[in-house]
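K.L.:
Following the hints, put chains B, P, L, U, E, C, S, F and X in place on chain Z, whose structure we already have.
There are 10 protein chains.
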Amino acid sequence: MAIANPSPDRAYEVRCETPELTCVCPVTGQPDFATVRIRYVPDASIVELKSLKLYLWSYRDQGVYHEAVTNQILDDLVDALGPRSMTVVTDWLVRGGIHTVVEASHPVPPG
Amino acid sequence: MAIANPSPDRAYEVRCETPELTCVCPVTGQPDFATVRIRYVPDASIVELKSLKLYLWSYRDQGVYHEAVTNQILDDLVDALGPRSMTVVTDWLVRGGIHTVVEASHPVPPG
Amino acid sequence: MAIANPSPDRAYEVRCETPELTCVCPVTGQPDFATVRIRYVPDASIVELKSLKLYLWSYRDQGVYHEAVTNQILDDLVDALGPRSMTVVTDWLVRGGIHTVVEASHPVPPG
Amino acid sequence: MAIANPSPDRAYEVRCETPELTCVCPVTGQPDFATVRIRYVPDASIVELKSLKLYLWSYRDQGVYHEAVTNQILDDLVDALGPRSMTVVTDWLVRGGIHTVVEASHPVPPG
Amino acid sequence: MAIANPSPDRAYEVRCETPELTCVCPVTGQPDFATVRIRYVPDASIVELKSLKLYLWSYRDQGVYHEAVTNQILDDLVDALGPRSMTVVTDWLVRGGIHTVVEASHPVPPG
Amino acid sequence: MAIANPSPDRAYEVRCETPELTCVCPVTGQPDFATVRIRYVPDASIVELKSLKLYLWSYRDQGVYHEAVTNQILDDLVDALGPRSMTVVTDWLVRGGIHTVVEASHPVPPG
Amino acid sequence: MAIANPSPDRAYEVRCETPELTCVCPVTGQPDFATVRIRYVPDASIVELKSLKLYLWSYRDQGVYHEAVTNQILDDLVDALGPRSMTVVTDWLVRGGIHTVVEASHPVPPG
Amino acid sequence: MAIANPSPDRAYEVRCETPELTCVCPVTGQPDFATVRIRYVPDASIVELKSLKLYLWSYRDQGVYHEAVTNQILDDLVDALGPRSMTVVTDWLVRGGIHTVVEASHPVPPG
Amino acid sequence: MAIANPSPDRAYEVRCETPELTCVCPVTGQPDFATVRIRYVPDASIVELKSLKLYLWSYRDQGVYHEAVTNQILDDLVDALGPRSMTVVTDWLVRGGIHTVVEASHPVPPG
Amino acid sequence: MAIANPSPDRAYEVRCETPELTCVCPVTGQPDFATVRIRYVPDASIVELKSLKLYLWSYRDQGVYHEAVTNQILDDLVDALGPRSMTVVTDWLVRGGIHTVVEASHPVPPG
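Chains as they are written, first to last, in our numbering: chain Z, 1 to 111; chain B, 112 to 222; chain P, 223 to 333; chain L, 334 to 444; chain U, 445 to 555; chain E, 556 to 666; chain C, 667 to 777; chain S, 778 to 888; chain F, 889 to 999; chain X, 1000 to 1110.
Don't read these hints as lab results, they were simulated from the structure.
You can trust all of the hints, since none of them are fake.
No farther apart than 27 Å at their CA atoms in a straight line, the calculated lysine-lysine pairs in the DSS-like style are these:
hint, chain 1, residue 1, chain 2, residue 2
1, B, LYS161, U, LYS497
2, L, LYS386, F, LYS938
3, U, LYS494, B, LYS164
4, X, LYS1049, E, LYS605
5, P, LYS272, C, LYS719
Everything numeric in this text was worked out from a predicted model, so none of it was measured.
Here chain Z stands alone, though its shape is the one from the complex (with noise of 0.2 Å):
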């Protein structure tokens, strides 16, 4: 999923956003769907947009959680890509009359 970054030297910010992820409940096995933000300063390498798409897109028969999901997209950009630092945030269609937003981030921001 990642390429060279071409200013590595510099600290700047990269933002993508799709509409486009979709996965199932795994308690109603019904399908969920969201909106993914990812932003993050890169290090050495920046994520490639059509590899990006196919990972998101192997979420499509998976039963998870919401906070579940985040947490593990994260964890699989940080692998990749070893960024400066990273935030996911999922935001979801409406269940049950209540609409849901994740957002978690690495390292941890503080306080």
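P.N.:
Then chains B, P, L, U, E, C, S, F and X, alone, in the frame of chain Z:
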């Protein structure tokens, strides 16, 4: 109302919002309506959406002031989830030409 | 619910809208929420806002389908006001990922 | 309130809007607030904005129903300007959770 | 998918919208996403929301063109509900920089 | 202001809009500001944008009423371009709390 | 204007907003209109909405500058409620082409 | 650019929109940018999105007037697809303070 | 331009905004248009709106760069009002496809 | 690209934005489109808008990654203007369902 946090080691944020809170004005007896916004950093537990919905539903016939119901929801959710931190916002439909919002946090943020 | 129309000789339009309709799902028993939009051309009577509010309030504990409550409101207001024409629209909060709107008119507009 | 139309031979439209209408509820005695929208096709006269403003100001202490004030403004402006056609819309701030709009035209459009 | 229309004698309109349609591109095999808007004038039957949701869910693994899936949904709902009239609109997320919307009606409106 | 229409055989529409019209109030001498919207179906000629801009610029020091300048722009553009049809709309910044829009067409649309 | 705070031990925020403030320009004598936004952290008392409404109503015939009325509302509410902190914002309809907002806080925030 | 229409017997509408049209001003030689909106009722063929994209890309180095490119796109798509009807709209970024939109249809709608 | 501050003992903020600034480009001689936003914490004086309007009007025939006029307005208002602090923002209509905003403050905020 | 700063003694901010950046994807060879936002605190020089436009135009036929072009624009503008500080943001049209934004600053803000 609580289920186990799948990533208890990382401080991350969950935000839930529903426009479906209704209770009764303790003075006039007529219905009041609010959108509720909850954001929290979970510790050992995350909120289960179905029981959160049922909990909010329980206010339907209660006569309560805007400020009281907001603090009550915060107290109940802090008791049930034991979060690292939590904020509850209620945003009420216009009464007497006035739009009211109440926001309470635990622990109280420094001033 | 009716008071005398101060300008009965002119065909003019009145539009009322409130986000404060709630009833109960006849299948699941859980609360439903809708915005109601009423527009009508009065004849001898116009609607009195306080009794309109009380009338809509009366649905709070009723178990009714979206389509049924919309037609019922139209029937009741047509009975009470005898308007030259009237349209009732109900716009419901999301259930099962689906946002539903129902619109009924009296007399039925030519198709 | 009228000044000579500079292009009396062409049927063209003028639209004026102001959020500054206030009057008093004839039942409760408390202030009401509305945005007024006027659109008309002038004949010999166009409205002079300063006197229109003073005219609307004259409602500040009057106790009138929404429907009555709308028809009264239409009647007065039709008398003053003799337009080919005119529509007056009043859009009122929420009372009792209900947002009301009244629209009247001269001559009444075919229906 | 059909339940009895509670007001079969009046021609009124129902509008349903969900952002949760997903299928697969028949050329590239990658997921596509759409919002579906259905509006219809029921005759003897109205749509049951839960089975509508399950029906739309059935496209999740199908490889279909935008135009084909839109006409298929229209055909299936017309078969199931026998409406006086129906329109189906699908509004697709961007592919190749192009945002596509398809709208089909039964019976075809006069042109 | 006119250049040759590259597709004179087809009736198609051109819409131009600029927020850069300013003139002077003929009563108070103070500046007025408007957005101008022009839409027309060209015949032999289309408008050249640079000369349109210079033409609108020529109002900068003129003292004119809203209604007069709108009809004047329409007359001048109809003279210069000989369109199949044209509409000019001017949308003025608030004066005395009133927002005014003037719309004139050639030929006058049937009423 | 004050009622007892149901949660006096927690520092939480209440925000009220109404578009219904009107007073009179002390120079020209003509009406002015503003939206008022109040946010405060209550101590022993919270504001009672009906008396807040009556209080704001009392400005209807007063001739006051924008800056003076804003500071006066803040002073009066601080006197009545004794809040831990309070901010009053008034947002005025356009006069002379200029939109004005005034914001005052007690105690004055540092720097 | 054409593929077979999967529902050739029904008159339905397809709408495509892309903000990615760029060409060159034939007078100044500098780049121009537009959003293109195409809507059509297909007959035997529907447009294939990838070749539509390549077709629009072909304007990148052409020097063309706004009106000419709009009519050319309409002519080319009508030739390629033989639709029952088609409309092409181009919406151009501001030049000289003026925002321009061109809309052409085949066959020309009755006036 | 200054009148006495009615609450000189409290540091509070005033914000004024008008879309009615126009001057002339010193290079091309053509008109430029901007919205001006002024926010300040008054000391002994507040700005009088009518003279502020006249002051901004004085730029109508001046040829000035965006950056120069912004700093000039700030200098003149600081001279006239002696505020505790002041920021002037000018937001200019598009020129050459570029939208420009200039923001200057006195005293310069720490960086 | 630089002209003399008319107020070199004050640290103030200039913000420029244009939706007219286009380059070519170095992998697929197809056009990419972005909005560019530049904000800087000038020192001795400010940017001249016409040459900024020509500079951005120079990317039209270059094959560059999103991250590389953003850092290149920042480097070139810092070289040309020697600002006290500068941030460049590029906001790209959707590719592969993903919307990307890149933001780089000089000097790098403390993290």
